[in-house]
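Colleague: From first to last, the protein sequence lines are chains A and B. Per our numbering: the first sequence = residues 81 to 491. Per our numbering: the second sequence = residues 34 to 708.
None of these hints come from the bench; they were simulated from the model. Keep in mind that the hints are not guaranteed to be accurate.
[Unchecked claim] Here are some of the chain A residues that sit facing chain B, going by a computed Cβ distance under 8 Å:
id, residue
1, V346
2, A348
3, N376
[Unchecked claim] List of simulated lysine-lysine pairs, DSSO-like, C-alpha gap at most 30 Å:
id, chain 1, residue 1, chain 2, residue 2
4, B, K497, B, K389
5, A, K334, B, K649
6, A, K307, B, K662
7, B, K662, A, K298
8, A, K94, B, K649
9, B, K662, B, K339
For each residue, glycine too, the CB sits at the ideal point set by N, CA and C.
The chain contents come next:
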Amino acid sequence: MPDIQALVNDFILKLKRRKIEGSQATARQTAELLRAVVSHQRLPYTNQALALLDAVRDIGEQLIAANPVELAVGNIVRRVLHIIREEDLTSVASAVDGLGLSTNSDDDDNFEHDDHPILSAAAVAAAARSTLRAPSLQTLLEGLPESALAPRPSSSGGDSEGKSKSAERKKLKHDVIEAINELIQDIETCHEQISEQAVGLIHQNEVILTLGRSKTVKEFLFAANEKKRSFRVFIAEGAPRYQGHVLAKELVAKGLQTTVITDSAVFAMISRVNMVIVGAHAIMANGGVIAPVGINMVALAAQRHAVPFVVVAGAHKLCPLYPHNPEVLLNDLQCPSDLLDFGEFSDCMDFSTSGGSPLLHVVNPAFDFIPSKLVSLFVTDTGGHSPSYMYRLIADYYSSDDFVVERRIKS
Amino acid sequence: MDSRRLPRTVIDPKVRQVGFFTSGDPPPARFQFIPTDPGSSAATATGISSVVSEISLPSNSLSPVMIPPFLHSSVGRLPSHARIAVPGYMSPRRREGLQMPIGSYNSSENFLGMSPMLSPSSSQLNGSDLSEVAPSALLARSGSGKVASSFPGSTGEMMMVMAVKTAGNASAGISLRNVSVVKTLPVVTEKDEETRTLSKNEGAKTGGKKKQTTTRAERRALQEAQRAAKEAGMENGKGNKPKASAGGGAPSISNKEKGVKPPQKVENLDTGTTSEKRIVRNTEKDRKKDIPQPQMQFDDKNRVEKAKKRAVVNKLEAKNRVELFRHLPQYEHGSQLPYLQENFFHLDHIHPSVYKVGLQSLSWTIFGGNARCQEMLLAFREAIVDYSTPPEKAFARDLTSKIGSYVSFLIECRPLSVSMGNAIRFLKNRIAKLQHDISESEAKAQLISDIDRFIDEKIVIAGKAIVQHAVTKIKDGDVLLIYGYSSVVEMILLHAYEQGKQFRVVVVDSRPMLEGKILLRTLVTKGIRCTYTHINAISYIMHEVRCVFLGASSVLSNGTVYSRIGTASIAMVAHAFRVPVLICCEAYKFHERVQLDSICSNELGDPDVIAKVSGKEDFNHLADWADHKNLQLLNLLYDATPSDYVSMIVTEHGMVPPTSVPVIIREYGKDQFLF
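With the sequences and hints as input, model every part of the structure.
Modeller: Dropping the structure here:
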């Protein structure tokens with residue numbers, strides 16, 4: 081499958097060169113690429129799911145390495161891995177259901193040898209419980225016997241080849257592709273689902289502040305505007321990219337009352353603002369947010385004046401990782417020419433005596449980290465959530481054994 | 034000599050009887066001006082008495098008790114003399130003091146013969162004392178002991194008029210006293226009468242119309258009598274005029290004015306009233322002054338219309354005004370400058386140097402609290418140098434209004450900073466506190482030296498003192514964060530570098546001014562290691578910062594720091610990262626105003642500069658922003674940093690917490706404006 085490798089390489093190059101702007105585009109393209117990978121993947125007769133997982137993980141690792149800061153790539157890779165697991169589970173479960181419960185311990189041993197050393201039965205049970213069924217009272221009550229049973233069918237995927245191998249093989253692949261399509265659909269329509277909630281959050285004559293430009297925020301405001309809510313928007317321009325200007329233009333075209341302010345005026349204006357709505361680059365598992373640079377300042381100011389700080393983000397921005405020193409490790413330092421023109425200070429610098437280290441550094445980070453305590457509300461396509469609930473949402477979307485993609489490959 | 038003194042000796046005993054009866058020494062009491070001069074220390078008294086007789090120094094100092102008004106006025110005056118310790122200021126006064134008696138001697142030989150005797154000691158006796166002497170002398174001379182005794186109690190006002198007249202003409206020499214005698218005496222009686230009738234009226238309120246009409250007629254008669262008296266006085270004054278002009282520079286003007294403009298004198302009363310009253314009034318006045326005048330609210334249509342009529346610069350209202358800031362002036366920027374440049378020769382009532390400062394602040398070639406204040410003061414200084422009192426005008430009054438018009442011109446160019454406001458307040462105060470008996474050239478010299486001193490003490494030396502304080506907070510290996518450009522902070526960094534301290538500077542900048550580049554250039558040229566970033570990256574860079582140094586436009590009395598836009602954000606992030614924030618600000622920028630937010634009082638800059646992004650010429654999404662009525666660009670220039678973000682304020686008085694700002698304003702603010 082050379083064409084797939086070419087696609088992957090192309091995408092990796094784009095990621096490395098930061099050619100893809102915005103986490104939504106990245107997420108969608110990643111999902112499309114992985115769909116191609118899945119569809120071109122030849123599956124063996126046994127352990128199909130495993131083969132698929134390996135293939136996706138292999139590609140995923142390369143993609144993540146290409147741009148480790150773009151967390152959406154890793155998110156989508158994990159989502160696809162999770163989909164494969166899930167589909168495998170359901171197909172097998174249905175097969176097993178059709179066969180009737182014929183499980184024995186041999187199968188268990190048979191399966192668990194290969195590449196799930198960490199995966200305990202309990203963990204899988206938990207995953208199955210959380211993903212396959214809504215946590216209803218029944219499942220809670222019946223949880224124990226179910227969970228005891230659930231992993232066994234999944235593990236017995238390999239040896240259910242008796243009846244209709246080819247059909248089942250096709251079915252798994254087909255199901256996975258279907259699910260990935262659904263995922264892509266979700267990514268594309270997340271704005272609509274998020275903006276549906278706008279009317280419930282924005283009241284008449286509200287004053288809203290945002291910084292920079294986020295497509296999600298734009299759609300969110302548009303949706304409220306279409307529902308005949310009249311409100312006023314302050315837009316901090318968001319240096320050094322000044323995307324706030326673009327957003328202002330778009331909002332004004334829709335007839336919204338818009339005021340553009342400088343980033344430094346955020347603190348001055350926040351006292352007259354009812355709500356801060358910003359987009360995010362990624363949401364971490366602890367509820368912290370990685371967002372365009374400058375938003376931490378806005379969040380602090382909002383906290384000072386007790387202004388609700390709302391983050392709107394699609395589910396694909398939900399990252400199962402916990403941040404460590406995110407300001408540095410999950411940041412992107414960009415070109416200094418945004419701040420100082422090339423050679424602007426070369427005339428006054430003395431290059432002879434600097435002793436190796438240059439006199440002047442220019443720091444131009446791309447992202448800010450906002451700790452979860454500063455966030456009032458997350459609005460995702462599944463509804464509004466408080467920061468402390470994020471870890472739970474993550475369990476819905478990701479399998480716990482996919483959290484670390486790379487290590488599994490190496491080991 | 035004897036012939037001259039005779040009339041006095043006749044009159045004096047009346048005074049003597051009251052004042053000297055403890056000591057019972059008639060001879061020295063002849064010089065009735067001695068009692069009026071109690072505060073001017075015993076030295077004067079000795080000087081004078083030594084001329085005639087060396088008796089009863091203590092008695093002299095006791096004497097003031099009896100004529101409270103004069104005593105007080107002189108007392109009230111003295112501290113101001115004492116306070117003014119401008120080098121090179123006393124000497125012209127002394128010269129005048131010497132000159133004056135001579136002039137007066139010439140003019141009024143008959144009854145003020147003691148002046149030549151005064152002149153030797155006049156190095157201590159200054160003009161005002163002399164002038165205050167006069168009324169008492171005259172009164173006493175009038176011979177009506179009754180009047181003299183009733184003086185302090187009943188017709189204090191009248192007496193004040195006299196005092197003012199004499200004080201106002203202090204430099205006019207004694208010839209004027211001659212006038213005032215003639216003039217004021219009838220006034221006394223009339224006024225007495227008037228008050229009597231008035232009191233009668235009040236006593237019998239039910240008296241009906243008849244009485245009222247009579248009183249009216251009476252009043253008319255009185256007025257006429259007064260006018261006649263004045264005219265007589267004027268003639269008298271004119272007669273003496275040539276001689277009087279020998280006394281000093283100003284007399285002729287003040288003389289004329291005296292005849293022409295009685296209401297002015299009445300207004301001037303304040304300056305000549307009793308000291309107790311005066312002190313009380315002064316403090317009250319000060320307190321009232323202390324309450325900052327309400328700022329012009331631009332959503333008040335009436336006032337805006339009025340202001341427009343007065344305006345020199347015609348301004349177009351900005352198209353897309355920000356609703357929240359209706360109360361602030363929002364004008365089309367860029368239209369004033371060409372207009373002013375065109376009309377340079379038409380606006381001749383504004384001094385060219387003031388004009389220059391106005392244009393400079395309009396075009397933002399000078400900015401920053403210190404620079405603007407200094408430039409403004411220097412312009413005023415030049416204007417004062419070139420100033421000459423137009424005929425029929427009083428120096429202090431006219432100059433104040435002149436400076437008022439300059440100030441309103443400057444305000445039209447750009448709203449004043451707090452530092453400028455304080456400096457103007459200082460200058461106006463100095464003009465108001467000018468002695469009335471000094472010549473115009475002296476007054477000008479005095480004002481000029483005051484301005485020089487203000488610049489020197491309040492800006493230059495204060496800056497150095499702040500540097501000395503703040504440098505102690507910089508240690509080797511520190512990383513200091515600086516926001517924007519502040520002259521004081523720049524001095525601190527350069528001084529610390531000169532001391533050989535090893536530190537690194539993070540220069541944070543923000544649109545649209547990008548002032549940080551100015552500072553960055555200076556620092557990099559000096560060889561200080563720098564990191565440059567923009568304000569959005571503040572959370573990223575704050576991890577490595579150990580201390581934040583910020584300048585301020587003003588520190589308000591509730592500890593709020595009013596400074597360039599973005600300062601509050603920097604202080605807030607620093608506070609969140611537990612990094613100390615030091616505000617460096619000269620005490621003359623402190624203001625007793627309070628402010629809670631950055632909305633109520635602020636300045637709006639040119640919104641167009643927001644639409645343009647420097648270095649990205651093709652980035653012009655908002656180029657046609659004015660065409661969209663829903664779109665506003667807001668270019669705030671200042672914000673208010675809450676005091677809890679500020680760790681310390683460095684002033685020339687030391688390093689204080691923000692809670693001590695009102696204390697500094699209270700303790701140092703007084704002498705800041707009075708000196």
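Colleague: Indicate, hint by hint, whether the structure satisfies it.
Modeller: Consistency of the hints with the structure:
Restraint check, A/V346 versus chain B: the minimum CB separation of about 6 Å is within 8 Å; hint holds. Satisfaction of the interface hint for A/A348 is found here, the shortest Cβ-Cβ separation to chain B being roughly 4 Å, below the 8 Å cut-off. At its closest, the beta carbon of A/N376 sits 4 Å from a beta carbon of chain B; the interface hint therefore holds under the 8 Å criterion. Between B/K497 and B/K389, the direct Cα distance comes to roughly 28 Å. Compliance with the 30 Å bound is thereby established for this hinted pair.
For the proposed pair A/K334 and B/K649, the alpha carbon gap of about 26 Å is at most 30 Å, so the pair holds. Distance hint between A/K307 and B/K662 is fulfilled; the C-alpha atoms sit about 21 Å from each other, no more than 30 Å. Pair hint B/K662 plus A/K298 holds up; C-alpha atoms about 20 Å apart against a cutoff of 30 Å. For a cut-off of 30 Å, the pair hint linking A/K94 to B/K649 stands: about 24 Å separates their Cα positions.
Under the criterion of a C-alpha separation no larger than 30 Å, the hint pairing B/K662 with B/K339 is consistent with the structure, at around 28 Å.
Violated hints: none; the structure is consistent with every hint.
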